[in-house]
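There are 2 protein chains.
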Amino acid sequence: MYGEKWTDREKKIARRVFDGAVAEELASTIADFKARAAAVNEPEDMWALEQYLRDRRRDIDRKYDYRYSQLIWVFGQLLREGRIREEQLAGLSEEKLNDIRRASGR
Amino acid sequence: MYGEKWTDREKKIARRVFDGAVAEELASTIADFKARAAAVNEPEDMWALEQYLRDRRRDIDRKYDYRYSQLIWVFGQLLREGRIREEQLAGLSEEKLNDIRRASGR
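Chains A and B, in that order, give the protein sequences. Here this note's numbering runs 1 ahead of the position in the first sequence, where the first position is 1. Here this note's numbering runs 1 ahead of the position in the second sequence, where the first position is 1.
Here chain A stands alone, though its shape is the one from the complex (with noise of 0.2 Å):
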């Protein structure tokens, strides 16, 4: 399963559907951040946002992991997340698909 190949095409697909992912969860991170910034009332708040953003900044690194031998589970998770929809992903083998959808436990 992991050592299929991406055709060409495949790959020009999945860096879009990547680069949509990673630049719409970066957005409604900041967004966030800032809703929660805009919050801070004590010391306490700021100092947990240190936290926060150390949590977010990893789980995002973490979770956009662009190598091939990745991509079945990135996709996956991305899948049940939410964060993208199946049809973004039409034009990958068959193969592919069933093993993103796998992935995704769903």
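Derived from the structure by calculation, the hints contain no laboratory data. It is possible that part of the hints are untrue.
[Stated by the list, open to error] Taking lysine-lysine pairs in the DSS-like style, the calculated list, with each CA pair at most 30 Å apart, reads:
(1) A/64 x B/35
(2) B/64 x B/13
(3) A/35 x A/64
(4) B/64 x B/12
(5) A/13 x A/64
(6) A/35 x B/12
(7) A/64 x A/6
(8) A/35 x B/64
(9) A/64 x A/12
[As the list claims (entries may be wrong)] Short derived list, chain B residues pointing at chain A, Cβ under 10 Å:
(10) 14
(11) 35
(12) 37
(13) 50
(14) 51
(15) 58
(16) 90
[To be verified] Chain A residues, not near chain B, derived (Cβ > 10 Å throughout):
(17) 10
(18) 17
(19) 74
(20) 78
(21) 84
(22) 86
(23) 87
(24) 88
Where is the CB? At the ideal position from N, CA and C, for every residue including glycine.
Following the hints, complete the assembly by docking chain B onto the known chain A.
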């Protein structure tokens, strides 16, 4: 110099000045942090605030050390940074005031 005794009256003065300085520095840090957060446009701006918060937290933790063996240095630093004024320390012994002035490097 660091074995100097603090009378009850001096402790009261020290506590009030110390607590006031902490409260002011925390409030100004919150204001500064909120302005930085509101100005975030790119993910990099946001991630940089993780380090900013870590540095500010450590700096404040280290600076505000309410041990009688440290207070001369603490007040010296606060004086140097313009966070307290010498008049606020009125009531401390002349020896302590001299030591604080000296510690302030003024």
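Take the shortest C-beta to C-beta distance between residue 50 of chain B and chain A; is it under 10 Å?
Since chain A brings a Cβ to about 6 Å from residue 50 of chain B, closer than 10 Å, the hint holds.
Agreement of residue 64 of chain B and residue 12 of chain B with the hint, judged by alpha carbon distance not exceeding 30 Å
holds, 18 Å
Can the hint on residue 35 of chain B be confirmed by a CB-to-CB distance to chain A that is less than 10 Å?
Holds, because the Cβ-Cβ distance from residue 35 of chain B to chain A comes to roughly 6 Å (cut-off 10 Å).
Minimum Cβ-Cβ distance from residue 78 of chain A to chain B exceeds 10 Å
holds, 20 Å
Interface hint compliance - residue 51 of chain B to chain A, C-beta minimum distance less than 10 Å
holds, 4 Å
Can residue 58 of chain B be said to touch chain A, with a Cβ gap under 10 Å?
Holds, about 6 Å.
Distance restraint between residue 64 of chain A and residue 35 of chain B, which requires alpha-carbon spacing of 30 Å or less
holds, 28 Å
Regarding the pair residue 35 of chain A and residue 64 of chain B, is the alpha-carbon distance no greater than 30 Å?
holds, 28 Å
Against chain B, does residue 86 of chain A keep a CB gap of more than 10 Å to every residue?
At about 23 Å from chain B, residue 86 of chain A clears the 10 Å cut-off, so the statement holds.
Given the hinted pair residue 35 of chain A and residue 64 of chain A, is their alpha-carbon gap at most 30 Å?
Holds: residue 35 of chain A and residue 64 of chain A sit about 22 Å apart, inside 30 Å.
Is the hinted pair residue 35 of chain A and residue 12 of chain B satisfied, with a Cα-Cα distance of at most 30 Å?
violated, 41 Å
Does the interface hint hold: is residue 37 of chain B within less than 10 Å of chain A, judged Cβ to Cβ?
Holds, about 8 Å.
Consistency with the previously given hints fails for numbers 6, 10 and 16, ordered from lowest to highest.
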